[in-house]
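Student: Please construct the entire structure, taking both the sequences and the accompanying hints into account.
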Amino acid sequence: MMHPRAGYGGLVAFLARHEWRVLSSSAITRVVLVVFAMVLLIAGLLGAARTLRERETVRTFEQRAVQQRLQTTAIRADVAANERGWLALLPPSALAALAVGQGDVYPNYIKVTARSLDAMVSGDQIEHPQAVASGAFDVAFVILFLYPLLIFAISFDLTASERDRGTLRMVLSQPVTLGQVVAGKMIVRALILAVPVVAIPIAVAATASPLDAQFVLRGVTWTMAVLVYGFVWHGLALVVNARGLSAPANALVLAGLWLLLSVVGPSFVNLAIAVQYPMPSRVQAAVEARNATQEATVQGSQQLGQFLQDHPTSANVGRDGMRQFAMLQASRDQRVADRLQAVEASFDAQLRRQRQLASWLSLLSPTMVAQVALLDIAGASTYRFDHFREAVSVFQRDWRSFFEPRVLDAATLTPAEYAAAPTWHYQPELPVFMINRVMLRVVALAALAAVLWWVGFKRYEGYQL
Amino acid sequence: MGAFWTIAVKDATEIWRDGRFRWAAGLLLILIIAAVAGGVHNQSQIARQHADAQQAERDVWLDKGDMNPHAAAHYGAFVFKPVQPLSAIDPGLDPFVGVFVFLEAHKQQLARHRPIEDATPTRRLGQLTPASAALVLLPLLVVSLTFSSVAAERDQGTLRPLLAMGVSRASLLAGKALGAMLPLAAVILPASAVGAAIVFWNAPADPDAPIGVRAFGMAVVYLAHAVIWIAIGITVSARARSQGAALVVLLALWFANAFMAPPLAMAAAKWFDPSPSALEFAASIQDEKDTWPTWDQRVDGVMERFLEGEFESTMAPSNVEVVALLESEADETALYDRRFAELFDLYAKQARTFERAAIVAPTLAARSLSMAFAGTDEAHDRQFADAAGRYRSAMLTTLNSELAASGRVNTFDYVRGRDLWEQVPPFDYDVPFARWALAERWLSAAVLALWLVAAAVAAAWSVATMRVE
Chain L
1 MMHPRAGYGG LVAFLARHEW RVLSSSAITR VVLVVFAMVL LIAGLLGAAR
51 TLRERETVRT FEQRAVQQRL QTTAIRADVA ANERGWLALL PPSALAALAV
101 GQGDVYPNYI KVTARSLDAM VSGDQIEHPQ AVASGAFDVA FVILFLYPLL
151 IFAISFDLTA SERDRGTLRM VLSQPVTLGQ VVAGKMIVRA LILAVPVVAI
201 PIAVAATASP LDAQFVLRGV TWTMAVLVYG FVWHGLALVV NARGLSAPAN
251 ALVLAGLWLL LSVVGPSFVN LAIAVQYPMP SRVQAAVEAR NATQEATVQG
301 SQQLGQFLQD HPTSANVGRD GMRQFAMLQA SRDQRVADRL QAVEASFDAQ
351 LRRQRQLASW LSLLSPTMVA QVALLDIAGA STYRFDHFRE AVSVFQRDWR
401 SFFEPRVLDA ATLTPAEYAA APTWHYQPEL PVFMINRVML RVVALAALAA
451 VLWWVGFKRY EGYQL
Chain Z
1 MGAFWTIAVK DATEIWRDGR FRWAAGLLLI LIIAAVAGGV HNQSQIARQH
51 ADAQQAERDV WLDKGDMNPH AAAHYGAFVF KPVQPLSAID PGLDPFVGVF
101 VFLEAHKQQL ARHRPIEDAT PTRRLGQLTP ASAALVLLPL LVVSLTFSSV
151 AAERDQGTLR PLLAMGVSRA SLLAGKALGA MLPLAAVILP ASAVGAAIVF
201 WNAPADPDAP IGVRAFGMAV VYLAHAVIWI AIGITVSARA RSQGAALVVL
251 LALWFANAFM APPLAMAAAK WFDPSPSALE FAASIQDEKD TWPTWDQRVD
301 GVMERFLEGE FESTMAPSNV EVVALLESEA DETALYDRRF AELFDLYAKQ
351 ARTFERAAIV APTLAARSLS MAFAGTDEAH DRQFADAAGR YRSAMLTTLN
401 SELAASGRVN TFDYVRGRDL WEQVPPFDYD VPFARWALAE RWLSAAVLAL
451 WLVAAAVAAA WSVATMRVE
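Quick note, the sequences are listed as chains L and Z, same order. Here the first sequence is numbered in this note's numbering, starting from 1 and rising by one per residue. Here the second sequence is numbered in this note's numbering, starting from 1 and rising by one per residue.
Rather than coming from a laboratory, the hints here were simulated on the basis of the structure. Bear in mind the structure is a predicted one, so any value in this text is a computation, not a measurement. Glycine included, each C-beta is placed from N, C-alpha and C at the ideal position. Honestly, I wouldn't trust all of these hints.
[Unchecked claim] List of simulated lysine to aspartate or glutamate pairs, EDC-like, C-alpha gap at most 20 Å:
1. Z:LYS349 to L:ASP104
2. L:LYS111 to L:ASP333
3. Z:LYS107 to L:ASP124
4. Z:LYS107 to L:ASP104
5. L:LYS111 to Z:GLU288
6. L:LYS111 to Z:ASP287
7. Z:LYS64 to L:ASP333
[Unchecked claim] Covered, in the sense of this in silico footprint (three residues per stretch, anywhere, with C-beta under 8 Å from a C-beta of chain Z), are these stretches of chain L:
8. 98-109
9. 134-143
10. 263-269
11. 283-293
12. 367-381
13. 420-427
[Stated by the list, open to error] A short, non-exhaustive set of chain L residues, derived as facing chain Z with CB atoms under 10 Å:
14. ARG53
15. ILE126
16. LEU146
17. SER362
18. ASN436
Tutor: Rendered as structure tokens:
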């Protein structure tokens with residue numbers, strides 16, 4: 001039945017083929033595979049629909065802004081620069097269909113003005129708070145929580161029942177080692193779930209994104225991260241199986257491990273972070289900002305009021321008066337903005353430090369490690385929105401340097417001048433930065449997986465038949 | 001003592017002697033106590049910050065010096081969301097809604113700065129709270145206690161002798177249920193006692209805050225939820241082919257309830273009632289404003305009406321701009337009120353879908369009710385937003401009518417001081433009573449009660465009709 005000259009690899013492949021036949025005829029494997037494929041598909045399709053809608057909205061608003069600018073005849077510089085401003089929009093990323101991530105918290109638009117106060121304004125992302133609290137039903141969620149459970153569901157009885165029935169002993173009377181048998185079993189189990197977990201989401205994501213370099217690079221990184229994450233859980237299953245307990249005992253231990261690493265661990269770490277490293281209070285910052293800017297605000301308002309008092313209506317002060325008014329307003333804004341910036345900078349520095357401290361604790365659970373990596377790869381992490389803000393602030397400087405002299409001059413723009421104003425084009429962050437950020441996490445997961453597999457096989461050497 | 005008592009004591013003793021149970025129960029107890037302590041710590045810290053900030057804001061408002069009343073309206077006021085004492089037990093949606101609103105002339109805003117924006121991304125995986133321990137971890141302990149209750153007797157062949165001895169199936173059911181409840185009480189009672197002590201120790205910042213009835217409501221919800229899971233556990237255990245099958249089915253049900261149901265229910269809610277993106281929402285308000293007359297047109301319009309004699313003869317021409325200002329302010333307030341009401345109505349519809357989904361997943365009903373009693377759900381957030389909106393329009397009315405009386409809007413030499421600022425009362429928000437919260441979530445209460453009855457009937461029916469071998 002076996003080719004006599006088959007080497008180690010050939011033997012393992014043969015055993016794997018055999019295991020595949022056994023596994024694929026078991027009801028539990030079929031249920032697991034069908035459920036997994038269905039859930040991945042539903043989550044993926046929901047994500048694709050959401051991404052397409054978002055892309056459409058961004059396109060609509062971009063065209064609207066361009067149209068509006070083209071239709072304008074003559075416009076006052078301050079109206080064009082500030083009141084109307086310019087919408088900087090963040091289109092969905094290449095893998096947006098796979099994860100909502102922080103996208104339901106941070107808005108995908110910023111209104112840019114030429115003022116120094118309220119230079120970049122955006123409302124909060126609108127989403128039912130319950131939806132934010134529950135998290136989205138997306139592919140990342142399925143992979144982080146359901147994938148490990150299903151790995152355990154098909155792996156808790158690697159050899160226990162065969163040993164208890166005595167069939168394992170019979171198999172080992174053939175010229176194969178236990179290590180080879182277990183290797184065959186592990187390979188099949190890893191592959192059987194790896195195929196749907198990789199293929200379905202990428203296929204669905206491809207329907208909602210142009211297939212460019214971003215898609216390919218992010219897709220490859222995503223696949224690697226998902227696979228090493230799966231291998232960690234396969235490795236855990238192997239180690240637990242190697243202890244030689246009964247199948248139900250294995251199931252209980254694995255369920256407990258899942259609970260500890262995926263649910264209790266992360267939620268406990270988050271509680272510890274909230275108590276030990278609380279994020280700086282926005283409420284206090286608001287009060288501080290109020291105090292810091294009060295004097296400048298009141299003083300500025302008085303100067304502006306003085307101006308209006310001297311010049312009862314703006315209609316009859318002439319262009320010189322308007323220039324003077326614009327100057328007063330700009331200097332008031334600048335004074336307030338300077339004070340505000342000091343408060344905001346110290347808040348941001350504190351926030352960054354707290355996040356840094358907190359992120360160390362997140363290394364305690366593979367689920368947390370993988371979550372951070374997957375969100376980053378899918379372009380749904382805080383980094384993406386930080387990069388967006390930075391890019392917009394560069395654009396704001398252009399916008400301001402174009403408009404400021406004209407606003408101070410109380411100028412009226414001709415259509416040609418208005419058309420020459422800068423426009424926003426989003427340049428996605430180069431994937432190399434993302435890869436740089438996630439590589440450490442992916443390598444850490446891979447190392448953990450390698451250790452677990454090694455320990456598992458090592459322990460199987462002492463397996464009691 | 002009936003046979004059921006013997007069965008209950010025997011089951012409880014067996015469970016208690018099982019080292020794994022003691023480990024799990026001990027761990028859960030520690031987690032619940034840690035969650036209560038952490039929750040109370042965070043809650044009291046945030047509550048103090050908000051109370052201090054509200055006081056500081058009031059001082060700033062009164063001490064801002066002399067200025068034109070309309071400039072004062074532009075200067076605006078911050079209103080901080082009061083933190084509910086029971087948010088220590090169930091923070092609910094508090095981390096996901098804004099913590100303060102800025103109230104100013106011409107513009108109305110939703111509460112800003114949701115704590116989740118500042119948190120690390122891993123925070124999205126959920127935080128351990130007493131509520132999540134009671135609604136997610138406790139049912140898992142129940143599952144581990146009940147999956148074998150009937151199935152093990154059958155697997156071991158002791159079920160038939162037991163019934164042959166004349167033990168009725170009713171006492172078997174009662175015994176099994178009580179047998180699971182007794183060990184559970186070993187976790188629930190100390191946890192509640194320690195939890196209540198910690199909460200009581202940290203007396204709420206607002207001594208008038210009604211927490212007694214609300215806390216009682218939460219306890220009832222958690223207990224009812226646990227009993228539902230006991231009944232589900234016995235039902236599955238009585239019907240399953242083997243202990244192993246019972247465990248798998250119960251774990252799947254638990255996972256579906258705790259992890260799949262909330263995001264799926266919200267996905268369904270958004271599917272039926274899609275919410276606008278922030279971009280669309282802001283644009284729709286701006287679009288409507290763009291159709292309004294410009295300031296000059298508005299002033300001309302009022303002047304025309306003035307000349308036609310629409311206003312009282314006592315009004316001077318200089319009042320025209322004030323009237324235009326008041327009218328534009330009224331239009332703006334109406335627009336924002338309408339848009340926000342639409343948005344909150346949409347949220348309410350989505351929450352209703354979430355509540356309906358509890359028909360297939362009882363944990364959702366318990367979640368909704370727990371948040372409602374804690375005062376941390378979306379309905380309470382809306383109450384606060386409405387109160388802030390009312391406060392804003394009262395503030396603007398006070399300031400603007402002062403202008404109308406003076407008849408001077410455009411001349412900034414008309415300045416007022418502290419006496420006028422004091423006429424704007426401090427913001428005072430009282431959280432509604434527990435019965436209001438219950439009325440808002442009547443559907444969840446009804447569904448939870450329905451589940452309680454249905455699960456008990458199912459357990460009775462399963463034990464009455466189960467296979468004996």
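Student: Hint by hint, note whether the structure agrees.
Tutor: Structure-based check of each hint:
The straight-line distance between the Cα atoms of LYS349 (chain Z) and ASP104 (chain L) is roughly 19 Å, inside the 20 Å bound, and the hint therefore holds. Annotation: proposed proximity of LYS111 (chain L) to ASP333 (chain L) holds, straight-line Cα distance about 17 Å (limit 20 Å). For the proposed pair LYS107 (chain Z) and ASP124 (chain L), the alpha carbon gap of about 15 Å is at most 20 Å, so the pair holds. A threshold of 20 Å between alpha carbons decides the hint, and for LYS107 (chain Z) with ASP104 (chain L) the separation of about 24 Å lies outside it, so the pair is violated.
A threshold of 20 Å between alpha carbons decides the hint, and for LYS111 (chain L) with GLU288 (chain Z) the separation of about 18 Å falls inside it, so the pair holds. Between LYS111 (chain L) and ASP287 (chain Z), the direct Cα distance comes to roughly 15 Å. Compliance with the 20 Å bound is thereby established for this hinted pair. Taken as a hint, the LYS64 (chain Z) and ASP333 (chain L) pair is honoured in the structure, with Cα atoms around 18 Å apart against an allowance of 20 Å. Evaluation of the coverage hint for the segment 98-109 of chain L: fulfilled, as 7 residues show C-beta separations to chain Z shorter than 8 Å, against a requirement of three.
Figure legend: the segment 134-143 of chain L, annotated as covered by chain Z; annotation consistent (5 residues with Cβ-Cβ distances under 8 Å, at least 3 required). Counting residues of the segment 263-269 of chain L whose C-beta sits closer than 8 Å to any C-beta of chain Z gives 6, which meets the bar of three, so the coverage hint holds. For a cut-off of 8 Å, the count of residues in the segment 283-293 of chain L with a CB near a CB of chain Z stands at 6, and the three-residue condition holds. With a threshold of 8 Å between beta carbons, the proposed coverage of the segment 367-381 of chain L by chain Z holds, since 6 of its residues qualify and at least three are required.
Three residues within the 8 Å Cβ limit are the bar, and the segment 420-427 of chain L against chain Z gives 0, so the coverage statement is violated. At about 9 Å, the closest approach between the beta carbon of ARG53 (chain L) and any beta carbon in chain Z falls short of 10 Å, and the interface hint on this residue holds. Hint on ILE126 (chain L) holds. Least Cβ distance to chain Z is approximately 5 Å, under the 10 Å limit. Satisfaction of the interface hint for LEU146 (chain L) is found here, the shortest Cβ-Cβ separation to chain Z being roughly 8 Å, below the 10 Å cut-off.
Checking SER362 (chain L) against chain Z by beta carbon gives a least distance of about 5 Å; that is within 10 Å, so the hint holds. Taken as an interface hint, ASN436 (chain L) does not check out: its beta carbon lies about 17 Å from the nearest beta carbon of chain Z, beyond 10 Å.
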